[in-house]
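Visitor: Each chain is listed here by its residues.
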Amino acid sequence: MAEIVSIIGITHNPFMPRLFKQANRPPGCAKIIERIDMMREKLAQAKPDVLVTIGNDHLHQFFMDNMPAFMIGKMDTYDGTFYDEIREFGLPTHHVPGDVELSDALMEGAFDKGVDFAYSNELTIDHSITVPLMFVRPEMDLPIVPILTNCIAPPLPRPKRFYEVGQAIRAVIENLQTNKRIAILVSGHLSLEVGGPKQFERRLMDPNFDASAVGWIAQGDVNGAVNHCSFDQLKQSGNMTHGFLNFIMMMGVAKATRPSYAEGLDAGFPAIPFFSWDAKEGVAR
Amino acid sequence: MSKYLMNKFIHHVNMSEAAEKEYKSNPRGYVEEWEKSEKLKLTSDEREALCNRDYGRLYALGAHPFTLWSFTEAVWAHEVPRDELVKDYKEKAAKAGYPDFKT
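Just so you know, the protein sequences line up as chains G and R, in that order. Numbered according to the numbering used here, the first sequence spans residues 1 to 285. Numbered according to the numbering used here, the second sequence spans residues 1 to 103.
You may find that some hints are simply not true.
Computed footprint of chain R on chain G; a stretch qualifies when at least three of its residues, placed anywhere within it, have a C-beta under 8 Å from a C-beta of chain R [said to hold, decoys possible]:
{"#": "1", "stretch": "12–23"}
{"#": "2", "stretch": "62–72"}
Straight-line C-alpha distance at most 27 Å; calculated BS3-like pairs for lysine-lysine [as the list claims (entries may be wrong)]:
{"#": "3", "chain 1": "R", "residue 1": "LYS102", "chain 2": "R", "residue 2": "LYS39"}
{"#": "4", "chain 1": "G", "residue 1": "LYS235", "chain 2": "R", "residue 2": "LYS90"}
{"#": "5", "chain 1": "R", "residue 1": "LYS95", "chain 2": "G", "residue 2": "LYS198"}
{"#": "6", "chain 1": "G", "residue 1": "LYS198", "chain 2": "R", "residue 2": "LYS87"}
{"#": "7", "chain 1": "R", "residue 1": "LYS24", "chain 2": "G", "residue 2": "LYS235"}
{"#": "8", "chain 1": "R", "residue 1": "LYS3", "chain 2": "R", "residue 2": "LYS90"}
{"#": "9", "chain 1": "R", "residue 1": "LYS102", "chain 2": "G", "residue 2": "LYS235"}
{"#": "10", "chain 1": "R", "residue 1": "LYS24", "chain 2": "R", "residue 2": "LYS8"}
{"#": "11", "chain 1": "R", "residue 1": "LYS41", "chain 2": "R", "residue 2": "LYS21"}
{"#": "12", "chain 1": "G", "residue 1": "LYS235", "chain 2": "G", "residue 2": "LYS160"}
{"#": "13", "chain 1": "G", "residue 1": "LYS180", "chain 2": "G", "residue 2": "LYS21"}
{"#": "14", "chain 1": "R", "residue 1": "LYS39", "chain 2": "G", "residue 2": "LYS198"}
{"#": "15", "chain 1": "R", "residue 1": "LYS95", "chain 2": "G", "residue 2": "LYS235"}
{"#": "16", "chain 1": "R", "residue 1": "LYS95", "chain 2": "R", "residue 2": "LYS24"}
{"#": "17", "chain 1": "G", "residue 1": "LYS198", "chain 2": "R", "residue 2": "LYS41"}
{"#": "18", "chain 1": "R", "residue 1": "LYS8", "chain 2": "R", "residue 2": "LYS102"}
{"#": "19", "chain 1": "G", "residue 1": "LYS198", "chain 2": "R", "residue 2": "LYS36"}
{"#": "20", "chain 1": "G", "residue 1": "LYS31", "chain 2": "G", "residue 2": "LYS47"}
{"#": "21", "chain 1": "R", "residue 1": "LYS102", "chain 2": "R", "residue 2": "LYS92"}
{"#": "22", "chain 1": "R", "residue 1": "LYS21", "chain 2": "G", "residue 2": "LYS235"}
{"#": "23", "chain 1": "R", "residue 1": "LYS92", "chain 2": "R", "residue 2": "LYS8"}
{"#": "24", "chain 1": "G", "residue 1": "LYS235", "chain 2": "R", "residue 2": "LYS8"}
{"#": "25", "chain 1": "R", "residue 1": "LYS21", "chain 2": "R", "residue 2": "LYS92"}
{"#": "26", "chain 1": "G", "residue 1": "LYS255", "chain 2": "G", "residue 2": "LYS113"}
{"#": "27", "chain 1": "R", "residue 1": "LYS8", "chain 2": "R", "residue 2": "LYS90"}
{"#": "28", "chain 1": "R", "residue 1": "LYS102", "chain 2": "G", "residue 2": "LYS160"}
{"#": "29", "chain 1": "R", "residue 1": "LYS87", "chain 2": "G", "residue 2": "LYS21"}
{"#": "30", "chain 1": "R", "residue 1": "LYS90", "chain 2": "R", "residue 2": "LYS102"}
{"#": "31", "chain 1": "R", "residue 1": "LYS87", "chain 2": "G", "residue 2": "LYS235"}
{"#": "32", "chain 1": "G", "residue 1": "LYS42", "chain 2": "G", "residue 2": "LYS31"}
{"#": "33", "chain 1": "G", "residue 1": "LYS198", "chain 2": "R", "residue 2": "LYS3"}
{"#": "34", "chain 1": "G", "residue 1": "LYS198", "chain 2": "R", "residue 2": "LYS90"}
{"#": "35", "chain 1": "R", "residue 1": "LYS90", "chain 2": "R", "residue 2": "LYS21"}
{"#": "36", "chain 1": "R", "residue 1": "LYS8", "chain 2": "R", "residue 2": "LYS21"}
{"#": "37", "chain 1": "R", "residue 1": "LYS87", "chain 2": "R", "residue 2": "LYS41"}
Chain G regions said to be covered by chain R (calculated; three or more residues, Cβ under 8 Å) [stated by the list, open to error]:
{"#": "38", "stretch": "76–86"}
{"#": "39", "stretch": "153–162"}
{"#": "40", "stretch": "234–241"}
Read the hints as simulated data drawn from the structure, not as lab findings. Predicted, not measured: the structure shown is a model, and the values here were computed from it. Glycine included, C-beta positions come from ideal geometry on N, C-alpha and C.
Construct all of the structure, not just a fragment, from the sequences and the given hints.
Guide: Quick look at the structure:
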């Protein structure tokens, strides 16, 4: 039986890797790096064989001509990233190994749980997958199964569906006939604005939303999360706050159990999310 | 469907170094030539905004904010210091509020 040995939820802020290297980086960076180091250590201690990486393409591979709600990559190597992300964020390119067998098993198993994933045999991953890997597994030695959501190009799937898809992923993994140790690495946002009147402000966009959102996850409050995260509700907290939906999927993977760690870090930027379910505290149950 | 096409052009320029260079060197000529190869058509408002690299107008017309900022930086930052560009973009966006960017 496959075992989920760790669930980690983290930021995919694409500016951070470059910012961290600057000599005159803002003072808040030290706290962020400390949390990232902690998450990297948690993942290492879980000794995973494979990472299921949940994120969202940012209108790179997928565009409004062909926009899957939820999709799985099925490749043995993934390239990251795209020209615009190298130009704008100074992100490096990567080649990350994939686990096609697990991609297929998740895909087939999800159909039987009522979730019809789209798939891609030619997927390039953007910062929502590469940045979390840079943070918590910079060696990029573990094979990944990328799962991408549409939380950027409305109309979006409903918050409840994000939760259900997370539940399905968990159920499929628990029934797999494999001894693989599987970790789930999820990236998303708390309140955030990009490309709107409040972008690049170095403060929490909506402290009330951030506190509520971290609370829903910390308490396993699925109703709280799904009832407050419609497209129109989330945009009140910043025009790209919809990235929080990935964390509702994470709650589904975690069966709404209480996490080992939950924080929306205020470090002089929009809130930086850090969540984990550690094996010793029952992630596998 | 023209809001979609406007976004498609922004996306196209944003994702390709070659398109970015050609567009920057001759915005109007590049937009008009590109549109000829498309089945859908831009409205005159959308076409003028793209021909003028008018990010404030594109924002107001419902361009996707995430890609629009990236595009704006790509096609203006060689002429305008980034801090000034960010400030002007935000002021123009604030005047438009939060237009519907659903396509």
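Visitor: Which of the numbered hints are not met once you compare them with the structure shown?
Guide: 1, 7, 13, 14, 17, 19, 22 and 37
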